[in-house]
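*Asks:* Protein chains in written order, with this note's numbering: chain L, 14 to 351; chain Z, 14 to 351; chain U, 14 to 351; chain Y, 14 to 351; chain A, 14 to 351; chain S, 14 to 351.
Bear in mind the hints are in silico, worked out from the structure with no lab data behind them.
Please note that a few of the clues may not be correct.
For chains that are exact copies, the list does not tell them apart, and a pair is met inside one copy or across any two.
[Stated by the list, open to error] Mimicking DSSO-like on lysine-lysine, the simulated pairs with C-alpha atoms at most 30 Å apart in a straight line are:
| id | residue 1 | residue 2 |
| --- | --- | --- |
| 1 | 338 | 68 |
| 2 | 316 | 285 |
| 3 | 316 | 339 |
| 4 | 252 | 284 |
| 5 | 316 | 51 |
| 6 | 316 | 40 |
| 7 | 284 | 298 |
| 8 | 68 | 339 |
| 9 | 44 | 298 |
| 10 | 324 | 80 |
| 11 | 299 | 80 |
| 12 | 68 | 40 |
| 13 | 316 | 252 |
| 14 | 252 | 299 |
| 15 | 299 | 324 |
| 16 | 299 | 44 |
| 17 | 324 | 115 |
| 18 | 80 | 298 |
| 19 | 316 | 68 |
| 20 | 298 | 40 |
As a plain string of letters, each chain reads:
There are 6 protein chains.
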Amino acid sequence: MGAPEPAREIEFRPSRMIHFLDFSNDKMVAKAPEIAAKTDILLGNLEDAVPVDRKVAAREGLIRVGKEMDLGDTQLWARVNSLDSPWVLDDLTQVVAEIGHKLDVVMIPKVEGPWDIHFVDRLLAQLEARAGLTRPLLVHAILETALGVTNVEEIAAASPRMQGMSFGPADLAASRRMKTTRVGGGHPGYRVIEDPHADEGAARMTAQQDPWHYSIARMVDACTSNGLLPFYGPFGDIKDTLACETQFRAAFLLGCVGAWSLHPAQIDIAKKVFSPDPEEVRFAKKVIEAIPDGRGVHMIDGKMQDDATWKQCQVMVHLAELLAKKDPELAQAYGFTA
Amino acid sequence: MGAPEPAREIEFRPSRMIHFLDFSNDKMVAKAPEIAAKTDILLGNLEDAVPVDRKVAAREGLIRVGKEMDLGDTQLWARVNSLDSPWVLDDLTQVVAEIGHKLDVVMIPKVEGPWDIHFVDRLLAQLEARAGLTRPLLVHAILETALGVTNVEEIAAASPRMQGMSFGPADLAASRRMKTTRVGGGHPGYRVIEDPHADEGAARMTAQQDPWHYSIARMVDACTSNGLLPFYGPFGDIKDTLACETQFRAAFLLGCVGAWSLHPAQIDIAKKVFSPDPEEVRFAKKVIEAIPDGRGVHMIDGKMQDDATWKQCQVMVHLAELLAKKDPELAQAYGFTA
Amino acid sequence: MGAPEPAREIEFRPSRMIHFLDFSNDKMVAKAPEIAAKTDILLGNLEDAVPVDRKVAAREGLIRVGKEMDLGDTQLWARVNSLDSPWVLDDLTQVVAEIGHKLDVVMIPKVEGPWDIHFVDRLLAQLEARAGLTRPLLVHAILETALGVTNVEEIAAASPRMQGMSFGPADLAASRRMKTTRVGGGHPGYRVIEDPHADEGAARMTAQQDPWHYSIARMVDACTSNGLLPFYGPFGDIKDTLACETQFRAAFLLGCVGAWSLHPAQIDIAKKVFSPDPEEVRFAKKVIEAIPDGRGVHMIDGKMQDDATWKQCQVMVHLAELLAKKDPELAQAYGFTA
Amino acid sequence: MGAPEPAREIEFRPSRMIHFLDFSNDKMVAKAPEIAAKTDILLGNLEDAVPVDRKVAAREGLIRVGKEMDLGDTQLWARVNSLDSPWVLDDLTQVVAEIGHKLDVVMIPKVEGPWDIHFVDRLLAQLEARAGLTRPLLVHAILETALGVTNVEEIAAASPRMQGMSFGPADLAASRRMKTTRVGGGHPGYRVIEDPHADEGAARMTAQQDPWHYSIARMVDACTSNGLLPFYGPFGDIKDTLACETQFRAAFLLGCVGAWSLHPAQIDIAKKVFSPDPEEVRFAKKVIEAIPDGRGVHMIDGKMQDDATWKQCQVMVHLAELLAKKDPELAQAYGFTA
Amino acid sequence: MGAPEPAREIEFRPSRMIHFLDFSNDKMVAKAPEIAAKTDILLGNLEDAVPVDRKVAAREGLIRVGKEMDLGDTQLWARVNSLDSPWVLDDLTQVVAEIGHKLDVVMIPKVEGPWDIHFVDRLLAQLEARAGLTRPLLVHAILETALGVTNVEEIAAASPRMQGMSFGPADLAASRRMKTTRVGGGHPGYRVIEDPHADEGAARMTAQQDPWHYSIARMVDACTSNGLLPFYGPFGDIKDTLACETQFRAAFLLGCVGAWSLHPAQIDIAKKVFSPDPEEVRFAKKVIEAIPDGRGVHMIDGKMQDDATWKQCQVMVHLAELLAKKDPELAQAYGFTA
Amino acid sequence: MGAPEPAREIEFRPSRMIHFLDFSNDKMVAKAPEIAAKTDILLGNLEDAVPVDRKVAAREGLIRVGKEMDLGDTQLWARVNSLDSPWVLDDLTQVVAEIGHKLDVVMIPKVEGPWDIHFVDRLLAQLEARAGLTRPLLVHAILETALGVTNVEEIAAASPRMQGMSFGPADLAASRRMKTTRVGGGHPGYRVIEDPHADEGAARMTAQQDPWHYSIARMVDACTSNGLLPFYGPFGDIKDTLACETQFRAAFLLGCVGAWSLHPAQIDIAKKVFSPDPEEVRFAKKVIEAIPDGRGVHMIDGKMQDDATWKQCQVMVHLAELLAKKDPELAQAYGFTA
């Protein structure tokens, strides 16, 4: 109600993609280290897409990964089942007890209001105390119902554990009764059309529109004003890599820091999209070097730069530096060679 | 403030179009049954577009329709005059007293906050008690002012009578001082432009944007998170059927269940747009049949399906089933033949 | 919480552009009257783009303009430094003391919540009393952080001094971590793409999207539902006049009344965009003349007009009349000749 | 949410007692002028205490009083039936239509939240317009349910029509399940007891407590912070004039301006209690005369007086002046002789 | 935000005392049926007063009582440890799993806001589903911190499981830094004093005040406006039965339905205090019989009765009827003999 | 909106009395060190009780005290003029600039809502930065209007600078139109009366009530739930030391930590009242020693003690320890001798 505290500083680690794996599959358990080397975040999925008869196996597989596998500095996350499902209590209890010290973030699906986060917050506190953990587990909410969008600012502020949010277009579409069976991306039916031509027979140009603009932009504001990281979620048509890239980049432009990858092919798309363009990074570095104190107005490459554009350049360069530490190729592309 | 009650289940009847008629015209009264046969909802309009000297005639005509005409299973609604007009008290008093048992929904224009719904709610309770009605009248709000958009979530939650909302672009444009004199649709002045070409003389591509995206998407969330039905409202250029269809379909994609028809030609457009595409319905049925319990991940026609897409398919098929009951042609198109 | 008071009527003066000047430059001080003659609002900028070592000079230059220059009926505004900067207290104290009676509006950057307006409100009251001013200074907030967008309705309602808001895309982009270093306009990376063609090799059409739609539309609602005037802010690429015009017009369509001009070239763009089109004005006048009481439904030039479109026409004509008083050329174009 | 507007100035007329009459009794109609001469406010009661078969007669009697009787400058109020009763719509419709220009205030029983005031507010606006009234009717709410107390601040702020509130202890007691069948006053069962004596056999002193302290004090704050007048309501034991006087004076001390009188004997009690004590008025006048500007610290009659006590004295003297205008005896007692 | 739903009807069972037992003591387990016969509610205490090394034994004892003992129609409740303790998760998990079908209510200590209830609500849902329970467990909150009092209305509304609240004066005193080490009751230091006598040497009368008035009255409003039952909690000085009775009766008068008993002696005090007085019941019955429809004004035993006092009498008689069903002696005292 | 952060720990220094001095009097400036030795907090008063023509002298006197006098470890506070007065801006600007490093707390009169604290918060930040202060000044609000009481929880939470609140009964009485000209204490007119005796002629006992119970209790909750210290404010009748002591002790019992002293005689009263009674301290020490871990139930001196009473004893002993450090006599009385 009063003036807000300064936004918490979530430690900003590379987060370009959250790669989803179903560890009920023993092969996937075995391959975890190999896949981890290619991705920023590895997530053991216990919820949707895992069939009922493999829920327990998926949980046990995740625990084996946490206990036995070396994932380097790749983050390990878990997506537990939804809060009204019969599995979530065991998911949380066992995962925290067994691999709480290896886990970075717990992803909670179908969050609809701050009450959902309050429940998870308190339960984690109990389970952490029991397990003797000293580092609090963070919470990531999926935004995938109309009610969740309506409460998104309160969800973001519901607990200091909040690490970020992902945008879930498929469940959200169903919740809103949007008439699509796609998972993310545009839809040929959502468009505007130009006025008729004087020549009535001539075809009228139409342009497709982004059905997710409002929801993603509002989620980004809720997240960034509370110090959280916003992510785009799944893109369903694995084969349409061009549409996937377009969707990821749109989210990137609106402020998302990463996306989900459901297939190895999407890891590379996410890496490409969410690593800033070397050209832009070089330009941003030039601006920062030319304006050491970030004040005043300057002409650089024929464009006017001031305090505000200087901050935009900082965002770009900070992200590039972070990613360059992990990736020598990027370091070279950005010109951060030692 | 606390965890929400589960959304009420508004009885979901076919609602693809709300057809507006001015019953101050005796011919319209006579034709009501014939028109009703072609439309899902028939609305007697008492407000805008009815001139001052015919307000009483429009009300009396509506009452005659309610009393004397057989509309089959088509819903009968009334749009009363605005809450600050000199007619609304008589509109409500007489309509409820005379044909309250025949009326399904009262549409309230220019709703700006929950206080407007509180007034209608209490007044209807008084009038229903007086008329001995046993079934509560439902309320449909038109969203057509900037203040209304700002309060849309509170309006949706203001009473258990709330049945839905319609989006009113013309009044909303005036309230916001948007610089257009159109009723719905896009506008050639709202667009983005591509960057200049290296070849400076070359024309730059521009694309028109949807000026209503935010407002409709937020209304859909407010409605669906409270169990209400969202509608797109009027499209003003009767002759431009292609632009009308484009607007309706955009609303459909964003989650609206129907639109207004101001002219018989728009009935057919609404019927076409808001009845889901048979191809999509067939695909959705296939998904549901292949995944009886809605769990796990499956490949169908080369696309990955899981719990979330299964829900999207349910939305599609449920709507198709509902419409098929009323329309044998659709039943056949959807393959719901007995 | 209760029913709102009717929106205050901010005196609506021509406000098509806020022209930014840095009066630390003596030449600019001298040219102020000449520039004032071409612009609706002249703003002395003390914040971003003014380097640290010229902050005092800019303030003193502004005071000289206020004291010594005759700006005709052009409004004089000041943009002070941000509320957490070391300059703002002196900015406000000196400017109000020295030229409070000449100043119309104080622009406050980086407003994040109602608390910021509460501070300015009380401080101005103190300074006005000290200076013996009898007309309250108005406040204009810049919306340029994610938190500000989240609180925009509360900011708009925070004080009866609130005159309007400007949209600041560069700082907002940085605050949201949007990946752009541009100031306003679209971005080639934010687009949707059409579905693949049957012919897989064929190029797929993509259309750029408006990254600012949600934020501007929500700001317009917050402003107009509280009786404030919304403005688009800066467009950074001075040379790309076509993109500037496109951006300004998009804002105009969504309900903004004006924009910032950072360069004389942009004054003319703003004048062109934010003065309604003579064709539209003439059409609007015809509608109003044909429907003196604004009631009922009418066919004009083959288009149906009713109470709602009549209001849209009123918005158009009122603005035209206002501008025509200041500009004889426009008066003639609109057909308002005496 | 923001800084509040200055509290409205309800015209402060003598309001020491609201005398309740049942005008279904023709004799009471005839005696109205005579009783009016002795009371500040005369109220026609249509609600509790009027039996069902005389509801219409009470309403008609009130209308006759309004139309035919001369009440001098005594206010005329009406208490209508509760908002969920079958009479309230006719009560309001007929009373406003017939004697709206003679009526000062409408008293609404069992108000539970701002929604109740929103309903009355809008309905009165409709009825006033119909009746051609130019002075808005004011609204007085009775606080007599637990939910009403919980929402008392929102009720007070719900409409600019709000004139005041009355405290209704009997219904409130039932709503709270307080175990009493009394109407106002203390109860022998609500007490505290001193610690036991060393001499265990000795009787321990106990003191009765005020069961209404919290509720009345909170109502006074809600009223005075919104510019409304708080009243104590009924005292049921007509014969126990001493207890009645004690209850009235307790309310007076806590900030109430008057009380209900249910019997002529209570008129005199209210007059005595709610007219400030001449001794106190004389002392207050002395303080004000000694400190013309209300600033600094002064010793008067051996007591220290400063800005705050000066304001307390102003409250006392203003009330005395107001009452003295109506009552020559009081004028003399207060020393306000011309 | 909108008009409230009608308050839920918590099934109103005899609830005059909640008798606290520590079942870590085997003798207490054995005596449970015998004690149950004398009390309305039997509570197995796991929290404060149970030492750390007997927490597990107390839980196991309670489970044995639930499984093996026949308590007749006396309710069985459990007070679990506080939500930030290391025991509460096991308390809830084991108690619900083992004796969830025998348990009526879970008492939660130190509730500070709705978030605490949200946690318990969701966790119970999980545990009930696991245990196959079909009747939802209810929740009773103890109000014993300053923050809890501040949020009491939101706590009461936080879940449909809410059954009631108890007032905990000892923890609350510590939380507020009240300077007392007593548990409930008055304190000799909290008093007001009469003005000095003219005879300065004469002793001045002082009266002790109720330090809990505000807190209990506000809790009663929060409870009754949400359909919950308010209880007074513990009275610490077991030997001072007179002070205990005085405290209990004060709570009864303010609207509480019962209190805690910490010792068998307090069971009888509670039974006496919270069973309404036969004289008052008889009077209330007479009022109800004389006014069958609860309308109008009547003189009974020389006191005026109307709709409001009739409701007060209903409260009294309903409670008497409820208690009479369980207690033949009371039935006779109230004259409810068959 | 979400779960609260743990209450901040305001450094708890001896705060039994805030002694008010008017430093426009040179003698008072000179005596400051001597008075400081006897009091916990010394306050330079600039507001009420300082006449207009000595406002500047009072401010300058305070600055001299801050600059030139050695006050030992006694806190130095300033009460500035109210936020709508012509002096407050200079009060704050000069005091912070000149003696900001010597000042502990700024007391703000007539705070009505969080907006007042927002203003002071931001202004202090500006002035501290200017003065190069590294320790933030704290803010103490006086609660002395009806609106302030209504907003007390929001005021307490409005800024991390909030140190505490004082209760101002004289202004509050005027704001509420309470009919008293006293400053604090009871009033002979606020009482309850016992029921009549069977012997009608016998005198009926009446007991005076505490008119401030609700307001102080609510302030204490608002303060302690946010980690602030609540104080009772002024007692006006300097000569009536017994009534002063009674009022102070009532506040102490309800949770206040200290009071204002307006005269040296009141310093001693405050010292006596707000230093806990040695008997109670000794008893509390015994409880703590007997229950080292604060768990379980114990019989001590024949009274049952558990976790809750243990906490009450901690409050008592902590305060005693704090005061003993400053006062050797108290140390001895409490038995804290080394």
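*Asks:* Each hint should be assessed against the structure and marked as holding or not.
*Replies:* Cross-check of the supplied hints:
no.: 1; hint: 338 <-> 68; verdict: neither (37 Å within a copy, 39 Å between copies)
no.: 2; hint: 316 <-> 285; verdict: both (27 Å within a copy, 24 Å between copies)
no.: 3; hint: 316 <-> 339; verdict: neither (32 Å within a copy, 34 Å between copies)
no.: 4; hint: 252 <-> 284; verdict: within (17 Å within a copy, 34 Å between copies)
no.: 5; hint: 316 <-> 51; verdict: between (38 Å within a copy, 25 Å between copies)
no.: 6; hint: 316 <-> 40; verdict: between (53 Å within a copy, 23 Å between copies)
no.: 7; hint: 284 <-> 298; verdict: within (21 Å within a copy, 36 Å between copies)
no.: 8; hint: 68 <-> 339; verdict: neither (34 Å within a copy, 42 Å between copies)
no.: 9; hint: 44 <-> 298; verdict: neither (39 Å within a copy, 36 Å between copies)
no.: 10; hint: 324 <-> 80; verdict: neither (42 Å within a copy, 35 Å between copies)
no.: 11; hint: 299 <-> 80; verdict: neither (46 Å within a copy, 41 Å between copies)
no.: 12; hint: 68 <-> 40; verdict: within (16 Å within a copy, 45 Å between copies)
no.: 13; hint: 316 <-> 252; verdict: between (40 Å within a copy, 9 Å between copies)
no.: 14; hint: 252 <-> 299; verdict: between (39 Å within a copy, 21 Å between copies)
no.: 15; hint: 299 <-> 324; verdict: within (13 Å within a copy, 50 Å between copies)
no.: 16; hint: 299 <-> 44; verdict: neither (42 Å within a copy, 34 Å between copies)
no.: 17; hint: 324 <-> 115; verdict: neither (35 Å within a copy, 34 Å between copies)
no.: 18; hint: 80 <-> 298; verdict: neither (42 Å within a copy, 42 Å between copies)
no.: 19; hint: 316 <-> 68; verdict: between (56 Å within a copy, 23 Å between copies)
no.: 20; hint: 298 <-> 40; verdict: neither (44 Å within a copy, 33 Å between copies)
This entry does not satisfy hints 1, 3, 8, 9, 10, 11, 16, 17, 18 and 20, going by the numbered hints stated previously.
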